[in-house]
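Novice: Sequence:
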Amino acid sequence: MSGQPLKCELTYPERKDNWRPFHVVVHDCALEHLMSDAQQALRVYELMCITRPGDVCKYLWVELLEVPDWVRIKAAEQREKTRFPKGSEWPENFVPLGGFDSYFSWGWEYTPSLDACWLNHRESDTFKAEIRRIFQRVIEVQRRLRVSQDPLVRREVESLELYQDPRDLDPTPPFRRTGPDYLSPIVPKRTEAYYEKLRELLERSDIESLIMSGEVPDFQVFRLICTTQANRAKDSPKHPFEAFPIGISSDCDDWLGGWKSQFIQYSEGLGYGDIWILNDADSGEHMKWLVEEHKNHHKCFLFHEGAEEIPGYRMTQGDGWILLEDESEEREYRKRGKASLEARFKRMWAHIIKEKVAE
Numbered sequence: 287m288s289g290q291p292l293k294c295e296l297t298y299p300e301r302k303d304n305w306r307p308f309h310v311v312v313h314d315c316a317l318e319h320l321m322s323d324a325q326q327a328l329r330v331y332e333l334m335c336i337t338r339p340g341d342v343c344k345y346l347w348v349e350l351l352e353v354p355d356w357v358r359i360k361a362a363e364q365r366e367k368t369r370f371p372k373g374s375e376w377p378e379n380f381v382p383l384g385g386f387d388s389y390f391s392w393g394w395e396y397t398p399s400l401d402a403c404w405l406n407h408r409e410s411d412t413f414k415a416e417i418r419r420i421f422q423r424v425i426e427v428q429r430r431l432r433v434s435q436d437p438l439v440r441r442e443v444e445s446l447e448l449y450q451d452p453r454d455l456d457p458t459p460p461f462r463r464t465g466p467d468y469l470s471p472i473v474p475k476r477t478e479a480y481y482e483k484l485r486e487l488l489e490r491s492d493i494e495s496l497i498m499s500g501e502v503p504d505f506q507v508f509r510l511i512c513t514t515q516a517n518r519a520k521d522s523p524k525h526p527f528e529a530f531p532i533g534i535s536s537d538c539d540d541w542l543g544g545w546k547s548q549f550i551q552y553s554e555g556l557g558y559g560d561i562w563i564l565n566d567a568d569s570g571e572h573m574k575w576l577v578e579e580h581k582n583h584h585k586c587f588l589f590h591e592g593a594e595e596i597p598g599y600r601m602t603q604g605d606g607w608i609l610l611e612d613e614s615e616e617r618e619y620r621k622r623g624k625a626s627l628e629a630r631f632k633r634m635w636a637h638i639i640k641e642k643v644a645e
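The sequence shown maps to residues 287 to 645 in the working numbering.
Any given hint might turn out to be false.
What the hints assert, rightly or not - Straight-line distance between alpha carbons at most 27 Å, and here's what the computed DSSO-like set of lysine-lysine pairs gives:
id, residue 1, residue 2
1, Lys524, Lys546
2, Lys581, Lys524
3, Lys344, Lys367
4, Lys581, Lys624
5, Lys360, Lys414
6, Lys475, Lys574
7, Lys546, Lys624
8, Lys414, Lys293
9, Lys367, Lys524
10, Lys293, Lys344
11, Lys632, Lys546
12, Lys520, Lys632
13, Lys360, Lys344
14, Lys546, Lys520
15, Lys344, Lys414
16, Lys632, Lys574
17, Lys475, Lys546
18, Lys360, Lys293
19, Lys621, Lys574
20, Lys372, Lys524
21, Lys524, Lys624
22, Lys475, Lys372
23, Lys372, Lys360
24, Lys302, Lys344
Derived by calculation from the structure, the hints in this document are not laboratory data. Predicted model, so just to flag it, every value in this text is computed and none were measured.
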């Protein structure tokens, strides 16, 4: 396959001298998605768990083109069972390779001609060679991940190779067979200028903590935040949360993997952060109210849209980003906020502090 669909244009004798076409296409799009995600620090563990050529088979789809009606009926029956939970349903006219294989079986001299047609092709040297070729592509991506300089990828690979990843104790490894229309979380939701501005802010020494709110977070934003925490903790004796406290109200658990990132997840409200990243477009009015009425003077507010001017804050903007930055260097709110973060760390991770002292 090597990134291209494998066309299986076969024929079988339905009756004597009556040959019928049997055309299907085998797609490896789910593996392409997985390899792409893993190189962006998402689903790394899942990719690294592929250790045998046969492991790639569970990711392959068979698209039905010219097949007998009974094959389509079987596929439709199976597809109906995948409608729940949402997101697990099969694409129309697509069947996982393993499911498709189950439609056919050897019956010695009584093997139906169609069964023999598919099984002979499935067991052919040509088909096996394609499986091995795609496995080699997976091996190559795994090799790149092992030497990656991305701190999040590096953390996950190191944990995996030392058998210290929490998922090592699960009876089965994570697995997701994505369809052709899969929209990966790694696809940027913001402009490149927005990410550049965020990188610039995260490199500032006066930005020592961060909070993020919004219903639909952006993976690339979350990745930048966690990378910042990893980099600040790397050459420091501090725990990651102590090195760069993060608080979020968004659900990002599915993205974390083995990053070892530490943050507080809020179900209501938010704590303190020098910078507040707002993912909802209608947050501007609420932020203005928090500052003017409740004196919640965070150092910076970063919007992608919907910001409103706030007295005492300097507004700058570019392509897809708006920054509000407090013009005052000292605020009582920020002093209390930093103190609350230190107190929270001592409460939540006191045992870690004891371990570091013991070392």
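Novice: Against this structure, judge whether each hint is valid.
Specialist: We went through each hint and held it up to the structure:
The hinted pair formed by Lys524 and Lys546 meets the criterion: a straight-line CA distance of about 14 Å does not exceed 27 Å. Restraint check for Lys581 and Lys524: not satisfied, since their Cα atoms lie roughly 31 Å apart, outside the 27 Å limit. About 18 Å separates the Cα atoms of Lys344 and Lys367, which keeps this hinted pair within 27 Å; it holds. Restraint check for Lys581 and Lys624: the C-alpha separation of about 15 Å stays at or below 27 Å, so the hint holds.
A hinted pair counts as satisfied when its Cα atoms are at most 27 Å apart, and Lys360 with Lys414 qualifies at roughly 25 Å. For the proposed pair Lys475 and Lys574, the alpha carbon gap of about 25 Å is at most 27 Å, so the pair holds. For the hint pairing Lys546 with Lys624, the CA-to-CA distance comes to about 23 Å; that is within 27 Å, so the pair holds. A hinted pair counts as satisfied when its Cα atoms are at most 27 Å apart, and Lys414 with Lys293 qualifies at roughly 14 Å.
This hinted pair does not check out: Lys367 and Lys524 have alpha carbons roughly 49 Å apart, beyond 27 Å. Restraint check: the Cα-Cα separation between Lys293 and Lys344 comes to about 18 Å, which is no more than 27 Å; the hinted pair holds. Note on Lys632 and Lys546: the hinted pairing holds, with a Cα-Cα distance of about 19 Å set against a maximum of 27 Å. With a C-alpha separation of about 20 Å, the suggested pairing of Lys520 with Lys632 holds against the 27 Å cut-off.
Pair hint Lys360 plus Lys344 holds up; C-alpha atoms about 19 Å apart against a cutoff of 27 Å. Restraint check for Lys546 and Lys520: satisfied, since their Cα atoms lie roughly 12 Å apart, inside the 27 Å limit. Distance restraint check for Lys344 and Lys414: the Cα-Cα separation of roughly 14 Å lies within the 27 Å cut-off, and the hinted pair is therefore satisfied. Taken as a hint, the Lys632 and Lys574 pair is broken in the structure, with Cα atoms around 32 Å apart against an allowance of 27 Å.
With a C-alpha separation of about 24 Å, the suggested pairing of Lys475 with Lys546 holds against the 27 Å cut-off. Simply put, Lys360 and Lys293 have alpha-carbon atoms about 21 Å apart, close enough for the 27 Å limit, and the pair holds. At most 27 Å may separate the alpha-carbon atoms for a hinted pair to count; Lys621 and Lys574 meet this at roughly 20 Å. Taking the CA atoms of Lys372 and Lys524, the gap is near 41 Å; set against the 27 Å cutoff, the hint is violated.
Of the supplied pair hints, the one linking Lys524 and Lys624 holds, its CA atoms being roughly 16 Å apart against a limit of 27 Å. Of the pairs offered as hints, the one joining Lys475 and Lys372 holds, with about 22 Å between alpha carbons and a cut-off of 27 Å not exceeded. Under the criterion of a C-alpha separation no larger than 27 Å, the hint pairing Lys372 with Lys360 is consistent with the structure, at around 21 Å. Taken as a hint, the Lys302 and Lys344 pair is broken in the structure, with Cα atoms around 35 Å apart against an allowance of 27 Å.
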